[in-house]
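Participant: Below, each chain spelled out in residue letters.
Number of protein chains: 2
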Amino acid sequence: MKNEFVKNALGKSVPTEINGQAAIPYMGVNKYEAKGNVYAPKIKCAANYPKDGNKILPTLKSALLKAGLSNGMVISTHHHLRDGDLVANEIFKIASDLGIKDLVWFPSASFPCHEAIIEYLDNGTISRIEGSMNGALGRYCSEGKMKTTAVLRSHGGRYQAIQDGEVKIDIAVIAAPTSDPFGNANGLYGPSACGGLGYALGDYQYAENVIIVTDNIIPFPCFPMQVVGNFVDSVVVVDKIGIPEKIVSGTTNITKSPDRLLLAQMTAQFCDEAGIIKDGFSFQAGAGGTSLAIGVYFHKLLKEKKMKARFAVGGSTKYMVQMLEEGYLEYILDAQTFDLEAVRSMRDNKNHFDISIFNCYNYHSKGNYTTMMDVLILGATEIDTKFNGNVVTHSDGYLLHGIGGWQNCAFSKCTIIPIPLFRDRIPVIKDDVTTICGPGELVDVIVTERGIAINPLREDLIDKMKKSKLPIKPIEQLKEEGEKICGKPAKANLSDEVVAVVKWVDGTVIDTVKKVL
Amino acid sequence: MKNEFVKNALGKSVPTEINGQAAIPYMGVNKYEAKGNVYAPKIKCAANYPKDGNKILPTLKSALLKAGLSNGMVISTHHHLRDGDLVANEIFKIASDLGIKDLVWFPSASFPCHEAIIEYLDNGTISRIEGSMNGALGRYCSEGKMKTTAVLRSHGGRYQAIQDGEVKIDIAVIAAPTSDPFGNANGLYGPSACGGLGYALGDYQYAENVIIVTDNIIPFPCFPMQVVGNFVDSVVVVDKIGIPEKIVSGTTNITKSPDRLLLAQMTAQFCDEAGIIKDGFSFQAGAGGTSLAIGVYFHKLLKEKKMKARFAVGGSTKYMVQMLEEGYLEYILDAQTFDLEAVRSMRDNKNHFDISIFNCYNYHSKGNYTTMMDVLILGATEIDTKFNGNVVTHSDGYLLHGIGGWQNCAFSKCTIIPIPLFRDRIPVIKDDVTTICGPGELVDVIVTERGIAINPLREDLIDKMKKSKLPIKPIEQLKEEGEKICGKPAKANLSDEVVAVVKWVDGTVIDTVKKVL
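Chains as they are written, first to last, in the working numbering: chain A, 14 to 530; chain B, 14 to 530.
Since the list can't tell identical chains apart, any single copy or any two copies may satisfy a pair.
For lysine-lysine, the following DSS-like pairs were computed, each having C-alpha atoms within a straight-line distance of at most 25 angstroms:
no.	residue 1	residue 2
1	Lys114	Lys181
2	Lys181	Lys55
3	Lys313	Lys331
4	Lys363	Lys331
5	Lys399	Lys477
6	Lys399	Lys44
7	Lys181	Lys48
8	Lys426	Lys64
9	Lys426	Lys482
10	Lys399	Lys64
Note that these hints are calculated values from the structure, not bench results. This structure is a prediction, so every number in the text was calculated from the model and none was measured.
One chain only, chain A, in its complex shape (with noise of 0.2 angstroms):
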């Protein structure tokens, strides 16, 4: 990339042009204010789709084609079908073997089942992602082998950059687990069923072409409909979207590890000696080892008071449903779900819904769930003494994780993040962190399992906990703790070319990932 740099409000220096496009750097929270207009498709006509609704086209091929495939479009697919996706890779086998040429894949996440894509990164018919890449997808983008700049951003930015114009998908391929001729789509059936499919959304609302992708094909009306098929340009019917057992775990299961059931168990407690845990409280928590048992102890925690949860935003997995079937809790708001119990939980529970990110997580609408909920627990690979967060690169400076609702998650009443001190003889907590995934504004609790630390800012928690038992600790000592044990870290080797960067909730750019050497 080549053109100017500024720093931003958090003193990263971040580009001011992405990939031809005007970039505005990170402003802080809440202190950037788009103007203008939502993005708006074109009018579209009911005249020129089938009078029948049997929007059926032999195959993606097809398909592809009549949305007029060609070079340089964007072409975007959801991840619901998360590992066992056989969708994605298809899209761009066809496009390769036409000869396509620098497309841009819009995932809503990534899996290693992708890894087949680096074959068209490689080819030349993919140009570069913008999304979360795991693993090899993140390696390879990490070691400059992208032609451009990735673009990163949480599942919130997603929809906000969809909504506003700055991605403008041509083509949306969204497989579906069930779907009627017209296009009415859901989750919640057939043998690759996933439950909810609220990260396409913004997809088929907003795309130039929406094309379906199923091996559940039923008559008019599919019902729930997930995708509206009044979006819908045409559908595909292949013998198999995904590998079930891939789609969703058969069960999830709670951490085994003591040190991470400590963690959960005193993240529980701290929540607890918060008064964070009341009659009608409200929660999120991931699908994750530790976060599940922090669920669990939270369902404990509320059976020993005889009290309820109002809310929780899922990621749903048993436990979650347990906790609602149970009675100690009321509602489930899931934009997507892990295990096969959640998927029949969604489909037969009248209080477990069905939501989309755009309800929770986008920042440019009028509120977002997640500044209403009481408590929200995240992962992290590093944080700062800032209380800085980083969950997309390790600290050799590798990028190899996605974003995910993270940064949205953020803005909740009380963000705890409970990782152990170090990992692989590496502190977890460090002076800065590698990338600034979102400032320390928003984090309010560090719990690891040799301390707690509160960020200064939360003088009120920090009053609740001033008789606490558990070890609360500034976060420089946690920080020193762990560079007693492991020594402190070196710095990543990173030259200074950008192969990535890291956009805002709000569409800034908050900080760069550069190509390691």
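With chain A's structure known, arrange chain B on it following the hints.
Facilitator: What follows is chain B alone, placed relative to chain A:
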């Protein structure tokens, strides 16, 4: 209106400008394709909304003032509270007290209870109504008393006009039987329960400001969210938004009139003989007495034949619910619920879905439900020998009815209009209808008590009915029989002044309504 007039594709003289906005003459069915993009509202920012999600303001007046209520604004309301609506009049009372002038009222429909609006038309608070005008309001318009030109649209055309930015809503006021403080709302629960709220979809999606008015506030989250709180600016809690017994009938009843029962029976027999009633067929019939009776006949026929209908589009009533619950109908897709049984069913039956006007009727989307439907029953005030239909004016020229979904529904595979040959000794079939609301090419069959006319364009239907014992006759013959009994009807006594225009589903002008002398 002082401007140019041109002849449209039906030979009707229509203005090229309406209230200062350019207008396009009707060009024929599926002939005009709009260019350009849909309307793009301003980008919003979550930081400007309460962090705790509580958007409650003390009064409707304070919410209107916060929304910047001022002269000339477009104010929209929905009609789900029907003749029991207590909210719409209140808006304009407040505006009138504030001395606001020249508002445009943009309701999805109006009812006798809205007669009070005349006061605000008279005193200049409201300049015109864009939307259906029944009874007193229509008479007021017909007499040329409205300051600017009324614009009549179908339900689908109303969504199209909002979506395409033809009508820019400044403030949408949504009366909601249940809401949470964030503005998630539905019509399923509460003392003013009305079922769905699907007519308000375009309003809250595209309006600059959205105000929810409710008499049943519940803690977040209110689900299902028929109104999505992320689009809502403020919530107002009042004692009563509607009069329950005027919102939904305690019970709807089929006609007891022998004449109308005959029409219903003939219509059902026609459908049966024409092969329309078959396993998996789909239908839509309104909630008028005759239509209800037709539904009951369909139910009976399916029972006899041991068949099931795949889906019916509501306006739903207890009769449709019975059909669903007895297993002769698989799905109800429902944009409005007419009685308490239907409200209960939408709440409790998994196969009774709340849909919006966007799904079934918006011509500017990627397909409509209506073109898929096997048979659709409509009404009319007049039909002419070209099968053109009038649903808004009476033969004396008075504007007394709204278009409803009529134009949108006419796109079905078989559109049937059962009507008496005369009403109040005035023939219903004429040489030319007073106002063309839809072109004859979309109307397939006219059923009268004295004979059935099939549109000559439908050679297939004529062929199928060749051996029928039903009294199939040319429409000219029906017209003559009517005139023989009642005499040739007098022409309406109209001036040249256009008081209202009728828009077609694509936004073009199909006809005008003239001032009655």
